[in-house]
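Engineer: Using the sequences plus the hints, can you model the full thing?
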Amino acid sequence: MEKLTMKGLRHYLGFPMGLLLTFTMALPIIALLVNSLSFGWRWPDLFPQALTNRAWSYVLSTTSGTYASVGLSLEIALVVTIINLVLGMPGAYALARYNFRGKLLVEGIVYAPIIVPAFASTMGIQMTFLRLGLTESVLGVILAHLAPTLPYMVRALIISFQTLNPSLEDQARTLGAGWWQCFWQISLPHLVPGIVAGASLSILISLSQYLITFLIGGGQVVTLPLLMFPFINGGDLAIGSAYAVLFSGMAGLALYAMSWVLKHYYGKRLDFHI
Amino acid sequence: MWQNSKPYWLVLPTVSVIVILFFGGLVEGLAHSLGYFPAAGQLDFSTRAYHKLLSSKDFWLSLWLTLRISFLATLFSGILGMGISLFFLRNQQRKSRIGLWLQGLMNLPLVIPHFVGAYIIVLMFMQSGYLARILYGFGLIQQFEAFPVLTNDPRGWGIILAYTWKEAPFIALMIYPVLKNIYSNWLEVAKVYGAKPWQFFIEVVVPLLLPAWTSSCFIVFDFTFSAFEVPYLLGITYPQMLPVLSYTLYTNGGWERMPEAMAINVVLTLITALLGIMAYKLSRRWGMPGGKS
Amino acid sequence: MRKVTTPVITIIVIAICLFLAGCSQAQNKSDPAATATSTDLLKANWDEVASQAKGQTVNMYMWGGSESINRYMDEWVAPRLKEDYEVTLQRVPVNDINDTINKLLAEKQVNKKEGSVDLIWINGENFKNAKEQDLLWGSFDKQLPNFNQYIDANAPDIKDDFGLPTEGLEAPWGKAQFVFIYDSNKIKTPPTSMAQLADWVKQNPGKFTYPAPPDFTGSAFIRQALYETTGGYQQYMKPLDSDSLTPKLSPLWNYLNSMETSLWREGKTYPESLAKLDQLYANGEVWMTMGYDPARASNEIKKGTFPASTRTFVLEAGTLANTHYLSIPFNSTHQAGAMVAINFMLSPEAQIAKFDPLNWGEDMSLDLQKLSPEDQKLVSEIDRGIATLPAGELASHRLPELPSAYVDVLDNGWLEYVAK
Chain A
1 MEKLTMKGLR HYLGFPMGLL LTFTMALPII ALLVNSLSFG WRWPDLFPQA
51 LTNRAWSYVL STTSGTYASV GLSLEIALVV TIINLVLGMP GAYALARYNF
101 RGKLLVEGIV YAPIIVPAFA STMGIQMTFL RLGLTESVLG VILAHLAPTL
151 PYMVRALIIS FQTLNPSLED QARTLGAGWW QCFWQISLPH LVPGIVAGAS
201 LSILISLSQY LITFLIGGGQ VVTLPLLMFP FINGGDLAIG SAYAVLFSGM
251 AGLALYAMSW VLKHYYGKRL DFHI
Chain B
275 MWQNSKPYWL VLPTVSVIVI LFFGGLVEGL AHSLGYFPAA GQLDFSTRAY
325 HKLLSSKDFW LSLWLTLRIS FLATLFSGIL GMGISLFFLR NQQRKSRIGL
375 WLQGLMNLPL VIPHFVGAYI IVLMFMQSGY LARILYGFGL IQQFEAFPVL
425 TNDPRGWGII LAYTWKEAPF IALMIYPVLK NIYSNWLEVA KVYGAKPWQF
475 FIEVVVPLLL PAWTSSCFIV FDFTFSAFEV PYLLGITYPQ MLPVLSYTLY
525 TNGGWERMPE AMAINVVLTL ITALLGIMAY KLSRRWGMPG GKS
Chain C
568 MRKVTTPVIT IIVIAICLFL AGCSQAQNKS DPAATATSTD LLKANWDEVA
618 SQAKGQTVNM YMWGGSESIN RYMDEWVAPR LKEDYEVTLQ RVPVNDINDT
668 INKLLAEKQV NKKEGSVDLI WINGENFKNA KEQDLLWGSF DKQLPNFNQY
718 IDANAPDIKD DFGLPTEGLE APWGKAQFVF IYDSNKIKTP PTSMAQLADW
768 VKQNPGKFTY PAPPDFTGSA FIRQALYETT GGYQQYMKPL DSDSLTPKLS
818 PLWNYLNSME TSLWREGKTY PESLAKLDQL YANGEVWMTM GYDPARASNE
868 IKKGTFPAST RTFVLEAGTL ANTHYLSIPF NSTHQAGAMV AINFMLSPEA
918 QIAKFDPLNW GEDMSLDLQK LSPEDQKLVS EIDRGIATLP AGELASHRLP
968 ELPSAYVDVL DNGWLEYVAK
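Chains as they are written, first to last, in this note's numbering: chain A, 1 to 274; chain B, 275 to 567; chain C, 568 to 987.
Any given hint might turn out to be false.
Once the Cα atoms are required to be at most 30 Å apart in a straight line, the calculated DSSO-like pairs of lysine-lysine come out as [unchecked claim]:
| hint | chain 1 | residue 1 | chain 2 | residue 2 |
| --- | --- | --- | --- | --- |
| 1 | C | K709 | C | K679 |
| 2 | C | K937 | C | K742 |
| 3 | B | K326 | C | K937 |
| 4 | B | K326 | C | K742 |
| 5 | C | K815 | B | K331 |
| 6 | C | K987 | B | K331 |
| 7 | C | K769 | C | K835 |
Worth flagging that the hints you see were computed from the coordinates, not collected in a lab.
Structural biologist: What follows is the structure, encoded as structure tokens:
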């Protein structure tokens, strides 16, 4: 089996192909990094004439507001993810295990924000949020981030529940385990990969919202995308690049830390799947 | 009694949040597009915004451009995503360290927000960008005018490139579990029947993968159709993609034109919902991507 | 089965409670410190204003895409304001100030009395919209000691903002003038009129373009062309009359269309922002760029973005100049703090620091004659950079801006007659 697959794949997709793919995917990041460090980088130089830390020293200075916005972005993403987890868990359980009237409708409602653009809804709801005093607050932004992230969490959890054999839980129950014990010791460990996947998407999507945060936050909730947007859109491009690199690093680290914590806790090898 | 209503209680938190926060916004937008806007004391309904929108050339040009860009971006990222997914599979079987490392790199676009992706595309593909410089370095072009116009171009190639780069790993991740299942479940059988690798790929893998692939592609199409940031940064002045047109009308048009912006949102919602239902039908018939197929 | 759901519901309830607790905290953030009603404040004497301002935090909404401007605000202005007046300045970075005007408009609609915007940096079109929609607080500038002492309140370029009387709703912060930026290695003698520019463009196809309106700079370029192709600016210094304007504009569209095929990419597309044009210039794709900031070219040389041979020029008949202002919105909760902050930013100290290219390098809004001899000497000693034209040459080539109602007509006309 091993041999056949490998031969087959090598036939279509050798190592050079993989290298090319990687090149396509990763080269842009390198270009971004170089751009953030470059001084006088003009056509047709492949590399900048000189390097400078100007952009980075601004981004990392205490007055630029970078640290506060990184903290705020992570805080919002974390709270959004925890709420998603708590809200999504029972829903995912029901959708994975039960057949009930109107299930199709429920699924339609739950998945709708994946396909319908969130800004369409946010533009509509902005006035109501304003009247309720929810704009310009972290709470409002968190609420606005729920719609585009929750469906992904539910989806990931449903898949995990589907692969969890119900008889395993039943066995535990017949052996006298209570509901809580059963959930905590049997179901939850099995769900960890799904939680990691759902939480990863939830964190990523929340971290990279610009328009929704801007419309609801009204400038008072300055997450990293808000701080960097003026630089990327017509501002200082070296600083924009530095922020972009910082953002990628932050997102990557957040995901890594989260999956590490969960893995560590359950001591399981996890496959990242969605 | 409780037994019957239990699933409803379980889905209640999720559903109520999405209904209030998401559908609530859509309904308000719909009402506003029909001229109903209590905040400004407008309580009558009218279809004026739609008349104005549907009779304007700008709207149709934008719609056409949006469809074209989304279609091409989906096609390219679908093909590239399939390639990446096969590469992942090969890595998994080989357990090569370099391979896994490359795999990690390939996931990079996933952690980068779309607007940064757009900016990266500018750096790489503008006429005097990084790629043109590499070509110049190899002596393939003599001046940057020889490099094709790929950013802020009227046909939206820059936007297509940005989406392809960003969505290909997404598709790869979506179809990878299915692909893995196919190989582990069917390869043995195929071997028994003496199928050649390419036969196996064409006759077994492709048909089995198609539903998952198609439904992921639908999601990507929907996304590219309605996302704002990338076309905002990479588009041209005229015509604009629909989400950008909506945003421009919403923030620059004053109060009179807001209903038009909302009307565009309603149109976007209807089209994406329609496509979403199709994707949903596909995935229900063949099982969700990532689920057990 | 009941016991299955109970824990779940308990968790949800606890979560929601925690969540709501978190929110009420987040909401309490806006302090109701400002007590005196706003009308009192408009009549109060300066000492009262200053004492009320103590301890307030002022949210200043301004474009956030420039390192030097951000640093000037955060590292020069804010600490001094805190130290000397106990006012905390919180800069809120904005992508486009028009979005902030829109936000205020929405707040006005739902009658939100306690807004978070205390101070905005605006002019032109945005000022017009804000003024027409009653989004600004009141006439405050005569109360500012520095306004009264150092600013020539009757100068046309101070009194009117794009043709619209400011009526004290905003206080002038700085001045800008349109200049062309070119590479002196590639262009030996830059054009001195729009007609010469067109000739130059035709002789050097592909080496010139301008940002597409409604980009601010692109729009200014169109107005610059309007003045020279239709016989001067004086005829436009009156309220807009669309009917009589339309026929007058055809020489302008003819002028722009005649150079279109010789533009960058044969005029099939235009850079959508000044930043994009700058990038083209930095990479040598085009040989000229432009901008509403005479000191920018020097700054970009310093940053390494523009080649060292970059210089600037103005047209013989003059180039557009405008003033930009600071204003206080109708629902600001810290008007006293905002007034103190504005007054400080109009002080000779702050203006001279702003004038210095080491900080920002932008023209002062103050009347040079009104400064003390020592300050005048300080100003004359500042080296504004190799590419910046002398202050005298700039000042003698200044043309006023059009009333902003024209700007929309021109931008839309450009889309209609040139872009499509």
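Engineer: Look at each hint and say if it fits the structure.
Structural biologist: Here is how each hint holds up against the structure:
{"no.": "1", "hint": "C:K709 x C:K679", "verdict": "holds, 27 Å"}
{"no.": "2", "hint": "C:K937 x C:K742", "verdict": "holds, 17 Å"}
{"no.": "3", "hint": "B:K326 x C:K937", "verdict": "violated, 55 Å"}
{"no.": "4", "hint": "B:K326 x C:K742", "verdict": "violated, 41 Å"}
{"no.": "5", "hint": "C:K815 x B:K331", "verdict": "holds, 26 Å"}
{"no.": "6", "hint": "C:K987 x B:K331", "verdict": "holds, 12 Å"}
{"no.": "7", "hint": "C:K769 x C:K835", "verdict": "holds, 16 Å"}
Hints 3, 4, counting from the list given before, are not met by this structure.
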